[in-house]
Amino acid sequence: MCIIESRCNPTPTPEHYLPSRLQLFLGSATSLQVHFYPLHLWWSIHFSLKPPRQTDTMASRKKVLLKVIILGDSGVGKTSLMNQYVNKKFSGSYKATIGADFLTKEVLVDDRLVTMQIWDTAGQERFQSLGVAFYRGADCCVLVYDVNNSKSFEALDSWRDEFLIQASPRDPESFPFVVIGNKIDVEENKRMISSKRAMTFCQSKGNIPYFETSAKEAVNVEQAFEVIARSALAQEEAEEFSGEFSDPINIHLDNERDGCAC
Amino acid sequence: MAAKYTPPASPPSPSASFYDVSDEDEDEYNTIAHQQSRKGVKLLYSKSKVYVHPTASSKDNIAGFIALVQQKPPPAPVHSAGSSPSNNEAASLLLAWVPETSLGDAYDTYVKVDLCDDVSAPRQRYLVPPLPATTTYRDPIGLYSFAVPVSEIYSLLVRPPSFGWWFGSLVINTRSGDSFPALFFHDSECESTILQKKKRVKESFDPFDNEGSLFWGGDEVLRWLRRYVDVERSSVDRNIYLINPSDEDQLSFGRAAIPGDGSTVSKAQPEATAAGPSGGAAPRDASMDPFMKTLKETRWKVLEHLSKITTFTRRTANDIAENPRIPPQMRRLMKNPEIQTLQDEFDSARIYLARWAMSIAEQSEKERKQRIWTAQDVLESENSSVGEFEILELETGNLALRERRKTLSLEEWEGFFDPTSGRLQITEEEVKERIFHGGIDPNDGTRKEAWLFLLGVYPWDSSREERQALMNSKRDEYIRLKGGWWERLVEGNSTTEEFEHWKEQRNRIEKDVHRTDRTIPLFAGEDIPHPDPDSPFAETGTNVHLEQMKDMLLTYNEHNPDLGYVQGMSDLLAPLYAVMQDDAVAFWAFVGYMDRMERNYLRDQSGMRSQLLALDQLVQLMDPQLYLHLQSADSTNFFFFFRMLLVWYKREFEWSDTLRLWETLWTDYFSSSFHLFIAVAILEKHRDVIMDHLKHFDEVLKYINELSNTMDLVPLLTRAESLFHRFERAVQAIDKRDNFPSAPTAQQRRPTSDTDSASNSGKGKQTQQGTVGSSSSVNPPSALQQSMDKDKPKVISPELRELLRKDIPWRRQQMS
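Quick note, the sequences are listed as chains A and B, same order. Residue 1 is where the first sequence starts when you use the UniProt record's numbering, and the numbers rise one by one after that. Residue 1 is where the second sequence starts when you use the UniProt record's numbering, and the numbers rise one by one after that.
Same shape as in the complex, but just chain B (with noise of 0.2 Å):
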C-alpha cells in the first residue's frame, strides 16, 4: 500500500489474464479497473469452499473463493458516492468471488491467504492475478467470477446459517441496484472456518457470538470490510449491512432509526427482495426466521426447551421432530428434507450439531442449578416415560442441592486438630467426607498440609512434633537420594553403562518437563541459562523451577529405579511442586501419589490393562445397552480412556479442576477406583451422542480426546457418586439374588468367598478387606451354584468387587 501509484503500462492488456507476477513486480500492481496490465493484485483475505448456487440441485453448486484483493489505489476518487472519509480506500478494494475451477496455479495462494490465522491485517502480501470488475452481474451465474469495488457495494444482505437454512449466505447488492448471486458459506467444509470454530469452541466452548448465533463463515467477511471500510448493521432490517453509508442512508436505515428487530415494515424491504434471483430459499429468508427470532427475544426460555429435548428425550433428530415439547419451528425444520439429507450426508455435521445440542443443554444445566427443583419438576419427568439415565438425572439433580457444600478452608481445617498435641480431634472417615464432597481452598494453603496427609505422607494419627519430626527426616533422605544420582552423572562416579543410563533417563525427563504445565505461570518462561551446555535447551534456557522438576523426577528414579521415568509422571508432579513449592515436601507427595499410581506406568501396562477391563465390565453391568453400542463400534478396549486413566484426567481439565478432582479421588471416600466411575460419568453424559452419531473406534477416540477443556467437573462428581451409589446396589441386588438358595443350575463364574463377603458386610463401608471375615459363614458354601436372570446372567467379578474397596491393593509397598 505505501508504494506510489504508477500509471498502468500500454499498450493494454485484452484481458485479465496472469501469472506474470514475478519477484519485482511485487509493488507494481495495478488498478484492475481499468484492465490495462498484466500484473497482479493484492489478495488480503480470502475464504474457501463459498458456493454459488445456481439449481436447486446441490449437484449444480460452483465451489469458489470469497476474497477481498486490493488493488493499487487511484490517483484521485473516482466514485463520488459516500461521504466517508475511507472511500478513497474503498475505492481500491475489491469484494470478490472467484470459482476454484478457474483459478489455475493461484488456487494455492488463495488456501494459503485462508489459513492465514491473522486476527490483524494479513503480515504477508500475497499477489493474484486480477479479476474483471464489475458492478452489474449479468453472466450466467457461476460462470465467471466478479469482483466489485467496495465503493460501489451499498449494502450486504448477510443471513447467518439458521434452523431454516443450514448455509449462511451473503448477498452484494450495488449502488446501482443490482444484486449479486447469493454466495452461500459451507462451513463444515471451510478447512479455515472449522479452524476457527474450533478455537472458539476450544477457548470457551461457546460456539455462539454475542447474539445467540453460531460463529460462521459470512463473520469473517464483515471482520474483514471492517478493516477498511464502515459498515453499519441497519437497524431496520438486521439482515442488512450498509458499506460507507451516507448521513441520509445513516438516518433511513442506520442505527438511529426504530430499535425494533425487523418487525417493523421498512425501506430495507427493496434490498430484501433484491435477494431474489439468488434462490427459493429467498421469501423465506427475507424476514428473520422466527426460530432465531424467538431465540434472540426469550435465549433463555427456548434454551430451556432445548435442555429438555437434550436430557429428556436426547435421541436423534427424528425423534425431536415428533417430540411435541419441541417448539413448532424446530420440529419443522427437523422434518425439512434438507435437514435430514445434511444429517446423512456429513459425518462431522451430525456431530457437530449433536455435540452443539449438548453444549446447550450442559449451559442450561448450570443455569438450573440456581433453580430449586420444585415437586412439579418431579412429577412431570415423573409422568415421561423416563428411563433409567432420566432417573439418574434426577438423582443427580437432588444430590447437588443436598450436598452442596463449601469448600474446606484454612480455619476450619486447623479446628479438627488438636490445638496442643496438632492430633486429629475427628476421624479420618470424617475429614475425607469433607474433602471429598466439598474439595479444599485452593487459595489459603491449606492443600499444602491436607495433601500430605491425603498422600500418606503424614499418618493420619500423628501429632504435631511428629510430624516435624518426620519431616525434617524426609528432607534429610531426599538429600541424600538426590546425592546418588548426582555423584553418577556430574560427578562421573559411575561406570560407563551407568552413566549413560541416567544421561539417557535426563534427556527423557527434560524433554518432559520442558512441556508440561508451562503455561501455569510458575513453570512460564526461562530466565536462567542451562546449566548444560551440551543439552538441547542450551539454547532456550530454562528456569529454576524447571530445573527442580527435573531433579524431583531423577530423585525419583533413584527412589525407584526399576520403574525408570515413564511419561506421564511429569504431569502428576507439576500441581503437586506447584501446590508444596518446595522441592523436598513435593517429591515426598510425589512418591506418596506414585505408590497408588506407579501401577499405570509398569513396563507390561498390566495396571492400565486391569483398569481398563474393570471399566469394561463396569460399563457392562451399568449399561448394557452402550456396551453393545460400544461393541459394534469396536471400542470395547476402551482405549480412548488411556489418558484419562493415566494422568488422572490431568488432560482433560483445566488446571483448578484437576486440582480439586485429585484431592477427591485421593480421600478414597467411595472407593480407591472412584476414577473409574468418573470415566462412567464422561461416557454416561455422552451416552446419546455416542449411541446415535459414532459408529467406529476412530469416531469414538477423537470425540473422547475432543472433549478435553470442554467438562464440567462438579456435575460430573455429582453424576460419578451417583453412579457408584447405583453400582453398590446393583451389586447388593445380585448378591441377595445370588445367596437366595435355589436349584444349582447355571454354572458360573463366582467369586471367591472372602471377597464375596466383604460386600454383603454392608454399603461396602468396610474399610479392610479381612475386617469381615466372620461373616462368610453366612454365605452358602460355594458349591451351592445359584442360578440367576437366565437371559442375563450378571456375575460380579473380582475385578469389580475391587471397585467396592477403600484401601488401595495395588499400592506400591514402601521399603523402609
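Pulled out of the complex, with its shape left as it was, chain A reads as follows (with noise of 0.2 Å):
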C-alpha cells in the first residue's frame, strides 16, 4: 500500500494477500531447501527487500543497524520510553507525536557492536496506515501500553496485526515482539492490568518477552531493550540465513510493490 496511490501500479493490499501467503510460506517450508537463485539473481532481489546497510563504510568498524519499531495508543509512553533508553532523561512536556521520528543507538549485544534505530509512531490508530513508510525492515516491534489504561492494552493485539499486515515479515510466525506496560510509576490504586493479565497475553502470542517499565522513573527500560536488541539482532540474523532460500511467492510479490517506488 503506498501513501501516494496513483503512483502506484495496481497491486494488491497487503490485506489482501497476507492470509494467503502466510499460507503458501508454511507450505513452502518443507521444500525450502529447492529453492536455491542463481547468486546475482538472488542479490538484486534482496537489495530491493532490504538494501544489506551498515552504518559505517569502513570494514573494520563493521556494524549491523537494527531497526525497531514503537507502537501502542496515544500517550503510553513511546516517546518518553525511547528518549530514556536513548538519551536518559524524562520530560513531562513531549509533544504528541506528529508522523514520525526516530534515535539511534550504539550497543554491545555479545561483543557485536550494533546500531539501533528506534522508530517512535503516532500513536492516534488514524495515521496507522501511513506505517508502511517504515515499517518495512523493521526486526523488532515494541507494542506498548499503559497499565493503567486497560483500552490501551486491549489494543495490543490490533496493533500487532497491523504490523504484521504492513511490515509483512518473512515469518510471521517467528516475528520478534517485545511487550512493555509503561507507566507502573503511578499509585497503585490506579492499575487497570494487573502483570498476571499481561503475561497471560503475552504467552498466547507465542511467549512474547513481556516488561514492566516506568519511562518516568527509568525503571526496567535499560533491561527492556536489551532484550529488544538481542531480538532484533538474532531477526537480524536469521533474516540474512533464511535469505538463501527465499521462496518465490514472495520474491514476486515483494518485487512487483518494489516496483511502485513507495
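Think of the hints as simulated: they come from the structure by calculation, not from any bench. Model, not experiment: these values are computed from the prediction. Cβ coordinates follow ideal geometry from the N, Cα and C atoms, glycine included. Heads up, a few of these hints could be off.
What the hints assert, rightly or not - If we take Cβ atoms under 10 Å as the criterion, some of the chain A residues that face chain B in the derived model are:
#1 Gly99
#2 Phe127
#3 Glu187
#4 Phe201
#5 Ala234
#6 Glu236
Dock chain one against chain two, each of which comes alone in its own frame, and use the hints as you go.
Next comes the structure, spelled out in C-alpha cells:
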C-alpha cells in the first residue's frame, strides 16, 4: 500500500494477500532447500527488499543496523521510553508525536557493536496506514501500553496485527515482538492491568517477552531494550540466513510492490 | 566531601585493586596517592571516547575516558607549589585517563557519570576503583591509565578541533616538567558531547562559542576544573591554560601579559614543545592554526567567503577544494587526506559538517540582508556559472529589497474601514496583499479582528453592525453546541454507547491538550484542581485555559461529529485561543480554520495523500534533479513533510513565526496551496545537503525532522514566493507550447479544458474558477494533443493546476 496510490501499479493491498501468503510460506517450508537461485538474481531481489546497510563504510568498524518500531496507543509513553533509553532523560512535556521520528543508539550485544534505530510513531489509529512507509525492514516491534489504561492494553492485539500486515515480515510467526507495560510509577490503585493478565496475553501470542517499566523513573527500561536489541539482532541474522532460501511467492509479491517506488 | 578523613587501614594493599566498594563504604574513600586501601574514589565527571593515539595509524587508537575524580583530602596540604587557597582541594582531585578496556565493572559508572546532564556539581555520588596517581609519565603509551593530582598540574595545552586537526586534544603538563600523552576527543562518537552540542544547536542554532570555535569535549574538561581550581588562560599562548598559577606565572603567562594573539614569541614555547610526544601533529599545532586565527580576527570576512562557497557553488568538499574563491587554508584542509577519509568514514560527521556550513551561510545571509545589492554583486554572480538555483538566490535578494514591508498595525488596519459603517473601503485583495507581505502586528490586538476575516468568520463586505450581530448569534450557537455534549457526557442523558464515545473523545482530547504548547505562558502550569477525580490528570491538576481548550475541542466534535478529534487539532487551536482569549470567538475561528484543514484529518487520509502527491509533482516539475535524487533515496513518498503539512509547520517554527506564517497562508494571496511552496522552499534551501549527503529514506526523514526550530521564516517566505512565480511561469510556458499547433504525436495526459483555460487567463490571477469559461474557445480542441519536448515531456496535471487556484475547492461546506 502506498501513500500516493496513484503512483503505484495496481497491486493487491497487504490485507488481501497476507493470509494466502502466510499459507504459502508455511506450505513451502518443507521444500525450502529446492529454492536455490543464481546468486546474482538473489542479490538483486534481496537488495530490493531491504538494502543491507552498515552505518559505517569502514570494514574494520562494521556495524549492524537494527530497526526497531515502537507502537501503541496515543499517550502510553512511546516517545518517553525511547528518550529515556537513548538520552537517559525524561520530560513531562513531550508533544504528541506527529508522523514519525527515530533515534539511534549504539550498543554492544555479546561483543557485537550494533546500531539500534528506534522508530517512534504517532499513536492515533487514524495515522496507522502511514506505517507502511517505515515498518518495512523492521527487526523487532515493541508494543507499548499504559498499565493504568485498559483500552491501551486491549489495543495491543490490533497493533500487532496491523504491524504484521504492513511490515509483512518474511516469517510472521517468528517475528520478534516485545510488550512493555509502561507507567508503573503511577499509584497502585490506578492500575487497571495486572501483571498476570499481561503475561497471559504475551504467552498466548507465542511467549512474547514482557516488561513493566517506568520511563519517568527509568525503571526496567534498560533491561527491556536489552532484550529488544537481542531479539532484533537474532531476527536480523535469521533474515540474512533465510535470505538464501527465498521462496518464489514472496519474491514475486515483493518485487511487484517494489516497482511503485514507495 | 563532608566526611572527615580517616587514616587508611593497614596493611597496605599492593595494588589499586577495586570492586570492593559496598554501600557502607561509600563515605570511606581514601587518598589514593598512598594506595594503601582498596576503597573507591569519587568520580565527579567523566567523558567517553577520549583516545590516545599511540601511533599514526588510527587502528592503534585506544579509547578511554577522561575523568575528574576526588579522593579523600589529605589531612594537611602536602603540596607546596601554588598560591591559591583552593590548592588544598586541588590536591584531592585527580585528572585521569582510563582506557575503556581496563574498566571492567566500573565501565557502567563511567558511562552514567558521562551522561549526567548536571551543569552544576554532580548530585549523586559515584564511586569507582582508585587509579594510580602519577606525576611523571613513563609507561608505554596507552597501556595503563594515569591520574594526575590537579595540584601537580602546571598547565593544560588545549587545542580545540580546528580545520587543521579534526579532533580536539588536551595535554597535561606537570609542575615537574613532564607531559602526558595527548588525549584526543572524538566528539562525534561521544554521546554526551553530541547531546550537549545538540542542545546548543537546538537552543540557538549556534554551535560556536564566543570565540568562533565549535563546542567540543575539551570545553567540558575546563569547565569541570574551573569548579574547583583557578584556570587561567595564558595570553601568551592562547592554547595554554594555567592551573592555579602562582603570581610569578601570572606575570609571565597570565592575563597581564601582552594582549597579542599568540603571535609573540613567548616563554610559553617550552610548554608547547612539550607536547612533542603527542604525535606528528604537534609541530603544526604548536602555534594557532592560521585559519583559526583568521577566523578570529576577521570573522565576518571569512564567514562571507564561506557563504559564497555555500551559496554559489554548494558542492561537496571536493569541489570546495578546487574552488579558487576559498581561502587557501580551507582549500588545503579539504585536500587533507585525513579530512577526506573522515568524510567518507563518518556519515554523521559528514552531515554535521554540511549542516554546519549551512548555518554559517544562514548567518551570513542575515548579515548580507543589511547590505544593498550592488550592480557589481549582480555582475559577479552573472559572471560565475550560475544555475537555476543561483538565479533564484538573486531573485529572492531583490524581492527582499523590493517588498520588505513593515507589519500591519492597528491604526492602519482601522484606516481600511469606513469609520461610520465599518465597511471595508479598500479591496479584499489589497488587505490580503498587505498581510501576505508584511504580517500583522503581534502585540496591538489587530489579529483579534483581522484573523476573523481571514478565517471566514466575518465576511469581507460586512458592516460593523452586521459583524456584531453575527458574533452575538455565534456566541449563542457556541453555547448551544457546548450544551449538547455536556448533557450527554456530564449529565448522563445518553445511551451507554454514546456516553462511552464521548468519554473516549474526552480522554483523547485531554491527553493532547495537556501536552500542547505548555511552554506558552497562557497554557503553563496547573493552578486549579482537576474537575474530574477519575481523570489521569487528577493528580497533576489543570488550569483554566487548558479546560477551555478541552471544551472547545469537544464542542468542535459536536459541530462536526463525523470527523472526531484527531491529533494535531489541538496544535491548530492553541494559537487561535491564545490570540482571541475568548472561547466562543476562538471556537468559530477554529471552525473556519478547520474548514480548510479538515482534509488533513480524514479517516482515509485522502487529503494528506493528495497534498503529498501534489508536492511530488511540484518537485518533479521545479527541480527534476532533486526529484531523481529523492527517488534514489526512496523518499518520493514525501513522508518527511507529513508533520509540516498536517499542522502547517507548527512544530517547525517557534510560536511567533508560526502565527506569522499562518496569517500569510490564510490570505490565499497567490494560491490556496501556498503551504506547498513553503515545503519546496525548504527543500530547495537544503537541496545541496540533501543531494550530497542524504542517501536513504531514514537519513532524509531525520534531517528534515531536525530542521525543526532552526529555520528562518522570512527568507523562506520570500523563497516560496519566488518559487511560486517560477512555477506560474513554467505552467504558462508549457501551456504556450502546448497550444502551439504542431503535429499531434505524443499521447499525453491532458488536463480537462476548463481547468486548463483557467490558468491561461493570465498569471493565474483568476479568483474563481469558471469566471473565465469563455476563454476556453481560444484553446485548440483537446483532440489536438500537442507534442512537447520529447526528452522531457512536461504535463501540467490537474493536481498541479490546482496549485494556481486561490479558492479552496476542498473547503468543507458549512451547513446552515
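Hint-by-hint comparison with the structure:
With a cut of 10 Å, the hint placing Gly99(A) at the interface with chain B holds, because the nearest CB-to-CB distance is about 4 Å. With 10 Å as the threshold, the beta carbon of Phe127(A) comes within range of chain B, its nearest partner Cβ sitting at about 7 Å, so the hint holds. Given the 10 Å rule on beta carbons, the hint for Glu187(A) holds: about 8 Å separates it from the nearest Cβ of chain B. Interface hint at Phe201(A): violated, since its Cβ lies 22 Å from the closest Cβ of chain B, which is beyond the 10 Å cut-off.
Annotation: interface hint on Ala234(A) violated; nearest CB of chain B at approximately 22 Å, more than 10 Å. Here the hint on Glu236(A) is broken, as its CB sits about 16 Å from the closest CB of chain B, past 10 Å.
Hints 4, 5 and 6 from the earlier list are contradicted by this structure; the remaining hints agree with it.
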